Amino acid sequence: MSGAIIRGKVWKFGDNVDTDVMAPWNSLGASWEERRKVILHNRPGFVDQIEPGDIVVAGENWGCGSSRENAPANLKELGLGAVVAESFGRIYFRNSIAIAFPNVACPGVHAAFDEGDELELELETATVKNLTKKIVLKGQPYTEDMIQIIKKGGLMNVLKERFGTSTS
Amino acid sequence: MGMTMAEKILARASGKDQVKAGQYVTAKVDRMMCHDSFPICVIALKRIGINKFYDPDRVVVIIDHYFPAPTVAMAQAQSLSRQLAEEFGVKNHLGYAGICHQVMCEEGFVLPGNLILGTDSHTTTYGALGAASAGIGVTEMNYVLATGELWMLVPETIRFDIQGSPGPGLMSKDIVLHIAGTFGTEVAQYKAIEFLGPVATRMSLASRMTLSNMGVELGAKFAFFEADEKTIGFLKGRVDEQVQPFGPDKDASYCAIHKVDITGLEPQVSLPHNPGNTKAVSEIEDIEVAQAFLGSCTNGRMEDLEVASKILKGHKVNPKTRLLVTPASHRILLEADKAGFIQILLEAGAHITPTGCGPCPGGHMGLIAAGEACISSTNRNFKGRMGSPEAEVYLGSPATVAASAIEGRIADPRNYWQETTL
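Protein chains in written order, with the working numbering: chain D, 1 to 168; chain R, 1 to 422.
Next up, chain D with everything else stripped away, as it sits in the complex (with noise of 0.2 angstroms):
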């Protein structure tokens, strides 16, 4: 993953869209097929139009709220490439690292934009290309850790690695 490439049509979305929304408490437990059905259920059809790979593009405060992991662990498991806003909730931030879905914080991108552009990633140095427009942002890279543990699958991993003796 590290110092891959990630690129993808882009889906936009505003600020404070929060963990709750992502991933509704009352569909927890449910299958997939129910959970997929009700993820960003602020924005109907969302879930439908989207394909493999798509990225979004978020505002402030992207993923504020709950400690539940199912919120970026559901953006991950419908297929999205990555998420790059404007800034993210803290706990959902260390989450998607935790679990290796690329989150990365740009500040300017939410402007820089359009429904559609497309979007490439450079994940390691947090480059952040409009190729549409022809716009270069830089975001905030990730630290050697936190690209250590995304290369390695998720934390999961990371600790299988250091105390884990079997994978069954």
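Calculated directly from the structure, the hints in this document are not laboratory data.
You can take every hint at face value.
Capping the alpha-carbon separation at 16 angstroms, the derived lysine to aspartate or glutamate pairs in EDC-like fashion look like this: (1) LYS9(D) x ASP48(D); (2) LYS383(R) x ASP15(D); (3) LYS46(R) x GLU161(D); (4) LYS37(D) x GLU77(D); (5) LYS236(R) x GLU107(R); (6) LYS338(R) x GLU306(R).
On a predicted model such as this, the values are computed, not experimentally measured, just so you know.
Dock chain R against the given chain D, drawing on the hints supplied.
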């Protein structure tokens, strides 16, 4: 160079003399708090062959989100929680004592200067006792349970100096809703907060816990009050340790210092669907409420029940409205009963539920229907938070909830109560 409370704690926890905001450290965690998701953590650890915790004595498990179990699946999970705690040597499985944050504080699992991580965003509550406490997800908790440590960014700190004279009807909840409305719900993103100033010093521990609890609604990682004589008084008899005062160095450096003057501040209400969407209660148009909810880790303490019972005494809950009261812990329910508050609330027509998170995160015991509005003493009014996505949640203080229950619409608590808890 002086250090903030966050810097002091993270320096100690990472074995350093000095740390500065912006630095990454690996910090040893003093306590891990797990709620209903405990079995999810343990099963994931067992799957990769990890069969013991770093230190089971640091782990506290409390079941609150789904207590009492509304489904057989939840009952099974709770049974499993007990079994796994025993298997992993966790002595402090507190079962159904109440909402995790209240129980952590009142049962003596929080000390000033501690670093505590919990699988719940409102873990910031323990900042009211001078602890650095934050929510994390289950995967990070797995890591902490296995290793006893976690990487952390030493946060910058914002200081809110709360000053002025409170008017009638005001509670600490009004202050935090006012801060969210004025400074925005991302004001403290990735940062720590220190609530200082004469009003903060004057506040009861219950009032402080409301602010620290909603620190996460301001984006904060930690939300501190200084540990002072009141804190030491609160902890007396709850902890064995000799507790010392704890605060920032005088020459600590802050990324921002905001003065919050509460003189003339009216009771506040946050409109759907964000806690920062705040207005003075007198500016709220006519909103009928099908449900009034008094409880949660934000506002389910004795002080809150006392104010509500003062307001509701001799009144009846409006026939169009249901008033649900969920004490933050079983201990509080017992104390409120002894103090006569429960009797007053029942006579007014309130329904008292067992302790737990109840409808606050949309779990059970009082969800709201499409088209209904709820005035709630909880912390979040996100779309769909307490039930239907077509319902509306308004946040207010326990006083505002009680007054609204009487009138059946969002009401000004000053119509019934001229005092203040501040």
